[in-house]
Amino acid sequence: MKKNLCLTLCLFVLLSGTLTGVSYAADQPAQQVVESFLSTICSMEFPVKDQARHDELASKANQALDLEALGRKALTDHWGEATPAQQKEFLQQLWKLIEYVAYPKSRRFMGKYEITYPEVKEVSRGVEVHSVIKQEAQALDAKVIYHLYTKEGVWKIDDIILDDVSIIEDLQYQFDSIIKESQFPGLLQKMKERLDQAVKENGSAIR
Amino acid sequence: MSQNTQEKLSFVQSQVRFICRNALGIVIVIAVMTAALMPAVQNLKLHANFLELLPKKHPSVVNLHKLLSHTGGTSFLIVVIESPDEATARIAAEKFSEKAASLKNVEYVDNRTNVPAFQNRKLLFLNLQSVQKLKKNIRDVIGYYRRQNNPFYMDLVTEKKPTVDTSSLELEEKVYKIGSFSAKEKNSYMQVVLLKPSYTVGDFVRSKTLFDDARAAFSDVKKELKYSATMGLTGPYKTRYDEYYTITHDLKWTGILATILLVLINLVAFRNFRSLIYAYLPLAVGILWTWAFTDLTIGYLNLITAFLAAILFGMGGDYTFHILVSFEEDLRLTGNVEKAIELTYRELWNPLWSSMWTTAVVFYAMIVSQFEGFRHFGIIAGVGIVISFLVVLYLQPSLIVLGEKYFPAKRKPVSKSWPVSRTGIYAVIIAGIIFSIFSVTRISHMKFNYDFRDLQAKDADAIQFNERIGNYFGVHLNPVVFMTPNRERATSLAVEINRHIHAHPESYMDFAAAITSHVPQHQEEKIKVLGEIGDIIEKRRPLLDKLDAGTRNQIAKLEEQLKPRSFGFEELPQGLVGQYEGKDGQISGVFVYPAHRILDGQNAKRFVKEARGLNLPKDVILAGEPVIYADILNLMERDTPIAIGLSTIVVFLLVLFHFKRIDHVLWVHAPLAIGGLWMVGLMALAHLKLNFFNMVIIPSILGVGIDNGIYIFDRYKERKRENFFKSMRKSIKGVILSSATNLAAFASLMCASHQGMASLGKLGFIGFTACLISSVFFVPALIEFFELKYSHLFKK
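Line by line, the protein sequences are chains A and B. Once you know that position 70 of the first sequence is 70 in the working numbering, the rest is easy, because the numbers rise by one and skip nothing. Once you know that position 672 of the second sequence is 1672 in the working numbering, the rest is easy, because the numbers rise by one and skip nothing.
Careful, some of the hints might be misleading.
So these bits of chain A aren't anywhere near chain B, every CB distance computed over 10 Å [unchecked claim]: (1) Ala85; (2) Val101; (3) Ser106; (4) Asp141; (5) Gly153; (6) Phe175; (7) Ser177; (8) Pro185.
Derived DEER-like restraints, expressed as beta-carbon distance ranges [stated by the list, open to error]: (9) A:Gln197 - B:Pro1542: 26 to 34 Å; (10) A:Ala85 - B:Lys1161: 51 to 59 Å; (11) A:Lys180 - B:Glu1532: 22 to 30 Å; (12) A:Gln189 - B:Lys1161: 20 to 28 Å.
To be clear, the hints were calculated from the coordinates, so they are not data collected in a lab. We put the beta carbon where it would ideally sit given N, CA and C, even for glycine.
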């Protein structure tokens, strides 16, 4: 049943992608953007077997995220302290990490469970799409909130909140402790090491 | 012969005649007097309490008594219950407390680690920051597990699995550590129950009964326990009892050992049993009279004067052996008892009196000290020496007269003097100089051991328990108390002192607590934060339910403490309030705990000095046992140089009065000076330090060292036609025998289980050995060397 659900979502995403292009226009309901984002992730395959297809899906999923805003917020003051070159490298690494760490984990996690969307709430700067990941086997429901706002007429997810703690806070905690220990280059090095490991685990063997 | 000398000789003659004519009468009179004094001797008790070592009117003593009169004392019998299982330790303490409350000599029981009012309120005793820290910790624990489940989480750092960590949380007041809030050690859970006895610390008979009853009660409790548990006793009631028991036990056994050694020495020296009676009966009578004097004047023996019997026995031996050796020799020469006694007394009268006065003066010099340990020692030993001397002077010849009349000994030929070669003399001098140089190098290394722990019985488990409790609770349980007129003053004073401690990280004070310190501050804020922690846990319940058993258990225990009611002064246990304010409520105490181990006297001194230096108003009074320890040490440090300096000057003048020539006086002092120097060298070799107990023996060494010089030099001076070693034949035998008596007494003390007593024995043995070798070998060799070189240097 779960497989069927995922397949349906994937088909929906592919069709909607064909009809509307790869960006998530502001006239589209925010919940739909989230659903499309998640179904794109669920369509991915790890380890990557078809690199071209993976690139295509990753690019589409990435369209839903404002990773620059997310990364800047997570870095807090460290963003301003970094050189433009370091900032650029940081964002590149972050994109790749999302692609090879967050997406595979999300796919593994959400691919197994049913997701419902009980509420879409307007907040001061955009909307919050509330979702519940039903984990019946463990009698545990995970509540995930996606924060979206419109940027240049397109919906963008700039934070994901699980159990009241945002992904920005989690990243902030990690970035801060690494930078304190080994400065900004250390963070970049750590991100690179983690990415290398993730690519080994989830990347294409041909690549 | 001068008229003065003639008068003296006729006086000696008349005394000898009186003794010989009335020997039986003298013995009977002394026997009757001894019998009459026996009740006083039997009444003499040992007060094994440091409090007795300071004058009764000393401010520290007066203040401590004042504190005791209000609060009934800060002293408890502390019962320590331990088990590898936490619940077993707690149940054992509860059951024991119930049983102990009905024990005969117990006024009340205070189960300090299980105060009902504190149950479920433990987190209120943390400071507000720690309560907030705890909230963060719980968030972190939950956050960790949540992150593991977050599909978007990118694990860049390897996180350690966090635990519910209460170890880094800080109590609002350090005094809470003593109550129910101690840090737990792995595999060792300690519960402390305080028993307040209905009698004073010095009642050792009732203490013994209470200890036995407590042990029996715990044996009953143990039968009902699931896991093993042990019980230990400590606190002033136990440590004082142990000290008393150890000292009395040691005195008994070292006394027996000393007696055996003395009998052996006597038998070897005189080869007959009658000399045992001649030598030791007068000494025993002298000591009994001294004890009677002590009971009738001072009333008790203290921790220092308890060892005086051995010392007096040894020092009184000086007189008996010099008389006995000389008499034996003179009896061989004259063949007549009366003539032999006369000859002996004519020869020894002056040196005996001089020796007695120099020794007595050394002890009397100690009377200037305010330290009762020294002062009593000076009075008892000074008077004891005079009593022993007079008893020996009249009883010993009387016994000899009666003994030789009814059981005449076989006459022996006159003994020959020892031939001494020049090589021997040079060898002794060279060896002595080498050891003197070594000893000089050791002077700067001499140390005073301030640690009272090294002066207890070898297996003093009560002291070990006391230290373990301190380590377990993280508090040294030897506070001083500032008595203030009321609770408000006490509260503000505790705050003021804690502020001082905070501003001085090197402070010897750890923290201060008034009774109000036991009521936590900011309770409403803490209850709010604790409620928020409860909400966090409740919200994450499904996640937490999936965690491992250990973490779940930790959180479950924490939850028990998350809904406390606020806690008021009126809920404090009465026993606890009583400790601060007594039953009458006329004072309110501020307990100031030391930052370091108080059994180390240096710490005690610095701690008390800092407390006194707080410059508090006059109506705030400082009291407590650390104050007593510190004052004892301060007095000792102040008075010891004064006593030694004073006795040295007086002894010098007495010797000058006896010999009339400054060079002779210096030679008489030589055995003592060199013996003292060698004592330092021998102490270094034996790794022996001066301490609170053994320091008291130094004046005795001073007295005996001078005595040896007087006997030897006096005899040498009088024998104009004999060389030094020949003239010293009798003196040396007397000196060796009297020193051997002292050495036997000290050797027996060295076997004591009480380490303070054993160290006194060691120092006495080392000091007397050094003085003996110096006076019998080194100084005579030195004099003989100068005599050979400069012919009749001293006999012109």
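Against the structure, the hints:
1. Ala85: Holds: least Cβ distance 20 Å, greater than 10 Å.
2. Val101: violated (5 Å)
3. Ser106: Non-interface label on serine 106 (chain A) violated, nearest chain B Cβ at 4 Å vs cutoff 10 Å.
4. Asp141: Non-interface label fails for aspartate 141 (chain A): nearest chain B Cβ at 8 Å, not farther than 10 Å.
5. Gly153: Its Cβ never comes within 10 Å of chain B, the nearest being 25 Å, so this holds.
6. Phe175: With a cut-off of 10 Å, phenylalanine 175 (chain A) comes too close to chain B, as the shortest Cβ separation is near 8 Å.
7. Ser177: Its Cβ does come within 10 Å of chain B, the nearest being 6 Å, so this is violated.
8. Pro185: Correct as stated: the minimum Cβ-Cβ distance to chain B is 14 Å, above 10 Å.
9. A:Gln197 - B:Pro1542: 26 to 34 Å: holds (31 Å)
10. A:Ala85 - B:Lys1161: 51 to 59 Å: Hint violated: Cβ distance 37 Å, outside 51 to 59 Å.
11. A:Lys180 - B:Glu1532: 22 to 30 Å: holds (28 Å)
12. A:Gln189 - B:Lys1161: 20 to 28 Å: Given a distance of about 25 Å, which is inside 20 to 28 Å, the answer is holds.
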